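Peer 1: Spelled out from the first residue to the last, the chains are:
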Amino acid sequence: MTNLSPAAPPRAHAPERLLSLRGITKRFGAVRALSGVDLDVYAGEVVAIVGDNGAGKSTLVKILAGVHPQDGGTISFGDVQTAIPTPTDSRDLGIATVYQDLSLCDNLDVVSNLWLGRELRKGGALDEVEMEQRSWTLLRELSARIPSVRVPVAALSGGQRQTVAIARSLIGEPNVVILDEPTAALGVAQTAEVLNLIERLRERGLGVILISHNIADVQAVADRIIVLRLGRNNGDFRVADVTSEMIIAAITGASDNSVSRREASREGEA
Amino acid sequence: MIAEQRGTERRGLRAAGREFVARVRGGDLGSLPLLVGLLIIWIVFQALNPTFLSSTNLVNLTMQSAAVGTIAIGIVLVLLLGEIDLSVGSVSGLSAAILGVGFVQLGYPLPLVLLASLAAGALAGLVFGLLRTAFGVPSFVVTLGGLLGILGLQLLVLGRTSSINIPFDSPLVQFGTQWFLPDWASYALIAIAVAVFGWSQVSMSRRRMAAGLVATSMTVIAARSAGLLVVLGVSAWYLNLTRGVQVPFALFLVLVAIMHFFLTRTRWGRSVYAVGGNVEAARRAGIRVNRVYISVFILCSTFAAAGGILAAARLSAANSSSGGGDTNLNAIAAAVIGGTSLFGGRGSAFSAVLGILVIMSISSGLALLNPDSSIRYIVTGAVLLLAVVIDSLSRRSRAASGRA
Numbered sequence: 001m002t003n004l005s006p007a008a009p010p011r012a013h014a015p016e017r018l019l020s021l022r023g024i025t026k027r028f029g030a031v032r033a034l035s036g037v038d039l040d041v042y043a044g045e046v047v048a049i050v051g052d053n054g055a056g057k058s059t060l061v062k063i064l065a066g067v068h069p070q071d072g073g074t075i076s077f078g079d080v081q082t083a084i085p086t087p088t089d090s091r092d093l094g095i096a097t098v099y100q101d102l103s104l105c106d107n108l109d110v111v112s113n114l115w116l117g118r119e120l121r122k123g124g125a126l127d128e129v130e131m132e133q134r135s136w137t138l139l140r141e142l143s144a145r146i147p148s149v150r151v152p153v154a155a156l157s158g159g160q161r162q163t164v165a166i167a168r169s170l171i172g173e174p175n176v177v178i179l180d181e182p183t184a185a186l187g188v189a190q191t192a193e194v195l196n197l198i199e200r201l202r203e204r205g206l207g208v209i210l211i212s213h214n215i216a217d218v219q220a221v222a223d224r225i226i227v228l229r230l231g232r233n234n235g236d237f238r239v240a241d242v243t244s245e246m247i248i249a250a251i252t253g254a255s256d257n258s259v260s261r262r263e264a265s266r267e268g269e270a
Numbered sequence: 001m002i003a004e005q006r007g008t009e010r011r012g013l014r015a016a017g018r019e020f021v022a023r024v025r026g027g028d029l030g031s032l033p034l035l036v037g038l039l040i041i042w043i044v045f046q047a048l049n050p051t052f053l054s055s056t057n058l059v060n061l062t063m064q065s066a067a068v069g070t071i072a073i074g075i076v077l078v079l080l081l082g083e084i085d086l087s088v089g090s091v092s093g094l095s096a097a098i099l100g101v102g103f104v105q106l107g108y109p110l111p112l113v114l115l116a117s118l119a120a121g122a123l124a125g126l127v128f129g130l131l132r133t134a135f136g137v138p139s140f141v142v143t144l145g146g147l148l149g150i151l152g153l154q155l156l157v158l159g160r161t162s163s164i165n166i167p168f169d170s171p172l173v174q175f176g177t178q179w180f181l182p183d184w185a186s187y188a189l190i191a192i193a194v195a196v197f198g199w200s201q202v203s204m205s206r207r208r209m210a211a212g213l214v215a216t217s218m219t220v221i222a223a224r225s226a227g228l229l230v231v232l233g234v235s236a237w238y239l240n241l242t243r244g245v246q247v248p249f250a251l252f253l254v255l256v257a258i259m260h261f262f263l264t265r266t267r268w269g270r271s272v273y274a275v276g277g278n279v280e281a282a283r284r285a286g287i288r289v290n291r292v293y294i295s296v297f298i299l300c301s302t303f304a305a306a307g308g309i310l311a312a313a314r315l316s317a318a319n320s321s322s323g324g325g326d327t328n329l330n331a332i333a334a335a336v337i338g339g340t341s342l343f344g345g346r347g348s349a350f351s352a353v354l355g356i357l358v359i360m361s362i363s364s365g366l367a368l369l370n371p372d373s374s375i376r377y378i379v380t381g382a383v384l385l386l387a388v389v390i391d392s393l394s395r396r397s398r399a400a401s402g403r404a
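Sequences listed follow chains A and B, in order. Counting from 1, one number per residue, gives the positions in the first sequence under our numbering. Counting from 1, one number per residue, gives the positions in the second sequence under our numbering.
Chain A on its own, in the form it takes in the complex (with noise of 0.2 Å):
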């Protein structure tokens, strides 16, 4: 059940930009949500993006989802300077995003869902066959735990629910996915198994955006971690080179904060 698409190249070699924000400001009448905030993403790399409410997450992944167009600053796409007005230019681009609610219709079973406005039709008719076909293959390359196909969506588990989102964003063949609070309502082996599945996105070499608050999962599967703040960068680390604790300063903007001093007292206690 592991037999994969060809794995992305090594992360050694200077790996593939596939999209660069520079200095997107973004206003909401007298708020700032976004101002200056810079990011890239490579070929076969998880960036999560973590932040405390109101940091500017959500408004980051609805410009590069075409919800909102930004007010100022650049997007390129490979080389390509380019703007995302409308949702349909995002996917045009080969960015698929899977958002929190997941967005999937509980009347459809899971094919339906996952070719759901890009349906393969055989002489006008639509070719379920062949959509059923290709969904196992797409499901059986993701390793994804599904009963069957032809269920209704409403039957699935939450992580199977999250499983059937994450692998429709992939029928378009996009080359980046973002993936908004992916385990928020997941308990703790499904969240392990969406974290898989994330693994495997990077496998293929998809450049994969992350939102998240939960700190312990980002660290789990991200490559790199952007930190915002108040609509601004604070930080950007290697997972390899950042603790929890780092992370969390940038988050809350300073090293002493509620979190560091509980953590403090805990240790003084023990």
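Hints should not be assumed to be uniformly reliable.
To be verified - Covered by chain B, per the in silico footprint, the following chain A stretches (three or more residues, Cβ under 8 Å): (1) 82-93; (2) 103-109; (3) 128-137; (4) 176-188.
It should be emphasised that the hints constitute simulated quantities derived from the structure, not laboratory data. Quantities reported herein were computed from a predicted structural model and do not represent experimental measurements. We treat Cβ as the ideally placed atom computed from N, Cα and C, and that holds for glycine.
Chain B: place on chain A using the hints.
Peer 2: Coordinates of chain B only, in the frame set by chain A:
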């Protein structure tokens, strides 16, 4: 795990039976309660009045079903989106009025008048769809306004003449009242329907086998085809004892089959179910949601107009009460009783057939017992409420067993 689901073996009869039981337990009742209900209704009315199940009465029942049944096809479509259209009665009345005035009073050729009636329906649907999508007004309100506005248009078209009689010898009325399929034609039609059904199942099963997917076994397909052949054949045989299968009713069944194909086998149909299930997900999947809404409202009103034409042809008249009375309620009740969920995303074109048979059986059975319409309204209303309760309950039990 996946491997268990991918077999090269075909599912046999026993597996199909087990699956069916599991589905019913999970609250996915399908058309089971409906068939049981129809059976009970028929037994009760037959016990109360022995002429109820006579071939003559059942032929009448099919004749009454064609017009409202056609309207109900459109209602099924809007319900699948989780919307509603309350104006179908008025639209069918307007279409009848245009037909009467254009064909009888102005003497235009029939095909042209029919086209104008259908176009008026399509136009009404377009307006509803645009109002729904451009301003986000709930379809309940839009079509409630449409109900009144179009009733006004109907009266305007009719002018001072409150009633127009369509000549009995016109092809339209002949079609609506006198055209029956010859026995051989009804059996031929059934043979074709069963052959198409069986062939599509067999070719699908072969392709799935070739692709290494779970496929339906030939035994199951043969059993299903035989079942279909027996049900349709016996029905046709029984109706053929007297006048037979009326052409407008056969047309209604063909329209249902065509809509079923479009709903289940095309991208448009898939997008209708997707929008009904989760609009936002459909939008994010790149479906042009507004186009789906508008197309469905246009289709619904066009089916309503077609139903109005069938009704005028059967009654050989168009008047100010065409499409009034219980037309609206019967069409909506038929779709809901037939098993199309009011909550959107669940249902099938065939619910129009089963639903209209239930509604018309009640109506015809009570009419045989008592010509007064008061009881008929009460009973029809109660059955509609029962159907809605079953819909809500099965939705809840689906949620409980994870099939929401």
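Peer 1: Which earlier hints can't be squared with this structure?
Peer 2: Those not satisfied come down to hint 4.
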